[in-house]
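Order-wise, the sequence lines are chains U and H. Counting in my numbering, the first sequence runs from 1 upward without gaps. Counting in my numbering, the second sequence runs from 1 upward without gaps.
Hints listed in this document are in silico derivations from the structure and should not be mistaken for laboratory results. This structure is a prediction, so every number in the text was calculated from the model and none was measured. Treat each hint with caution, since some may be false.
Stated by the list, open to error - List of simulated lysine to aspartate or glutamate pairs, DMTMM-like, C-alpha gap at most 25 Å:
id: 1; chain 1: U; residue 1: 200; chain 2: H; residue 2: 66
id: 2; chain 1: H; residue 1: 98; chain 2: U; residue 2: 281
id: 3; chain 1: H; residue 1: 119; chain 2: U; residue 2: 281
id: 4; chain 1: U; residue 1: 72; chain 2: U; residue 2: 255
id: 5; chain 1: U; residue 1: 200; chain 2: H; residue 2: 59
id: 6; chain 1: H; residue 1: 98; chain 2: U; residue 2: 70
id: 7; chain 1: H; residue 1: 119; chain 2: U; residue 2: 202
id: 8; chain 1: U; residue 1: 200; chain 2: H; residue 2: 42
Stated by the list, open to error - Chain H residues, not near chain U, derived (Cβ > 12 Å throughout):
id: 9; residue: 16
id: 10; residue: 20
id: 11; residue: 21
id: 12; residue: 47
id: 13; residue: 49
id: 14; residue: 52
id: 15; residue: 90
id: 16; residue: 94
id: 17; residue: 102
id: 18; residue: 173
id: 19; residue: 202
id: 20; residue: 206
id: 21; residue: 211
id: 22; residue: 226
id: 23; residue: 227
What the hints assert, rightly or not - Sample of chain U residues facing chain H (criterion: CB under 10 Å; computed from the structure):
id: 24; residue: 192
id: 25; residue: 196
id: 26; residue: 211
Backbone N, C-alpha and C fix where the C-beta goes; we use that ideal spot for every residue, glycine too.
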Amino acid sequence: MATGIGLDSLVADGALADGAVADGALVDPNVARDFWRANQRRARWKRRLLPLLGAATLLFVWWALIAVFDVKPFIAPSPQVVAATLVDKADILLANLWPTAIEAVAGFLLGNFAAIAIATLFVHRKGIEMAFFPIVVLVNSIPVVAKAPILMLLMGTGMAPKIAIAAVICFFPTLVNMVRGLEAASPQAMELMHVLSARKWEIFVRLRLPTSIPYLFAALKIAASTAVVGAIVGEWIGSQVGIGALIIQATYNFDSALLYATVFCGSAFSVLFFLTIRLLERLCVRWAPLSANL
Amino acid sequence: MSERREVTALQDVSFTLEAGSFLTLLGPSGCGKSTLLRVVADIVRPSQGQVRVLGHPPEAARLSREIGFVFQDAALLPWRSAIDNVRLPLQVGAARGKPLKGRGPEELLALVGLAGWEKSLPHELSGGMRQRVSIARALLGGPRIMLMDEPFGALDEITRDRLNDELLRIWRETGTTILFVTHSIHEAAYLGQKVMMLAANPGRVREIVDVNLPEPRYLALREGPEFGRLAGHLRAVLETC
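All chains, full assembly: derive it from the sequences and hints.
Structure representation (structure tokens):
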């Protein structure tokens, strides 16, 4: 009978709020359940529709501003022109998205793999960490736009320097987070491994590495967006193809519609990349984060 | 840098633990109870002196898995299910790939009262259940000594009382030797056949008290006059520690 009482009082509350049922009188549980479900459905639709409504409002304001102030197409395009460009020039956009995507993904893999390897080395050889970590921090403080020309001179104008820039930009956050993650195992878990006379590599595989996975994904989610930024910055400096090159080209030609369409493509890819990593995280990390005690 | 001081955690501590017995260690905080347990388990090495565990140095006892350790926080690996946490000792160290002595992981989970919870992840279990899993893990491979470092210290009183009874049952069923650290007078008196009391600065044995309560014990014993006298005596000694 306990559940019945719970349902009745729930409905009484809802009824008083909505005024659908008089005086919060006891109601048939079936009616109560339907009432509750309808409420849930309404809340779900609200969650889905409101963001769309927000986006539609923004597009309308954009369109209205361009129309009311009669902004010239070489300064800013109206939304319907950008949409038309996205369709008409889909082949050019895609042809330029591919190189950027390849550079970003290759740089992402390279940079993160290097970071994980070096973090592993740092955790096991404290001396090396003490010697090189300050240099890592120093190099990390150089802005990307300053690092890019240096790599360009070293590696020419092909895809290699763009991959290198994307890799460098991913490298540092992952290195820092991975070192923290590999050292995040609780002292008691480390003592447990000692009592079980686990070898160093067993402690690494069975304890340190799984502990570090949530930390790693926190860094990878940042790296997914910054890798794309790195590839685009690389293309600005010296390239004929890619999203970065197309941005520069469209800007110099005052082709604002193409510029906006290119930016849209670049960020759409960035978001897709980020969502892929988040999906991977959901698949890999199924446990709750380590709580402070127990 | 703050001023550093060398602390003698333990001095001239000597005691024997009979096979199959249950000894509780009671003392004020900072008396070296946990350190003593860690020396026996070869987690901490004494700077001076000699320790013998089952006639060997602690390291030998650790390497041959004669010791099971239960930590205050259950120290479960959060990505492993209950049964996989119990299996961990089979997958690392010298015991990896060797045949198992004694009860299997499933049987041990049933022994600690968690049959049917094999697939649950630690965050799906309550604090008391997590500690049961860690007891099952410590019992895997049939260790001759189980060391317990305030295992129920972070649990609520109701859970703690229940686990005290469960632990006595597990001890009787397995016949293992238990060395149990606690800062609760009632727990020390209720569980132990003997209570070893440690004094602080430096940590040393103050008194070993025999507990003469009827066996098997049951919680209502705690309301009786016999238990009251014993707890009173322990409290009096503790005040001089």
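Comparing the hints with the structure gives:
no., hint, in the structure
1, U/200 <-> H/66, "holds (21 Å)"
2, H/98 <-> U/281, "violated (35 Å)"
3, H/119 <-> U/281, "holds (21 Å)"
4, U/72 <-> U/255, "holds (11 Å)"
5, U/200 <-> H/59, "holds (17 Å)"
6, H/98 <-> U/70, "violated (81 Å)"
7, H/119 <-> U/202, "holds (23 Å)"
8, U/200 <-> H/42, "holds (17 Å)"
9, 16, "holds (22 Å)"
10, 20, "holds (21 Å)"
11, 21, "holds (21 Å)"
12, 47, "holds (18 Å)"
13, 49, "holds (21 Å)"
14, 52, "holds (18 Å)"
15, 90, "violated (10 Å)"
16, 94, "violated (6 Å)"
17, 102, "holds (16 Å)"
18, 173, "holds (23 Å)"
19, 202, "holds (23 Å)"
20, 206, "holds (27 Å)"
21, 211, "holds (28 Å)"
22, 226, "holds (34 Å)"
23, 227, "holds (29 Å)"
24, 192, "holds (5 Å)"
25, 196, "holds (5 Å)"
26, 211, "holds (8 Å)"
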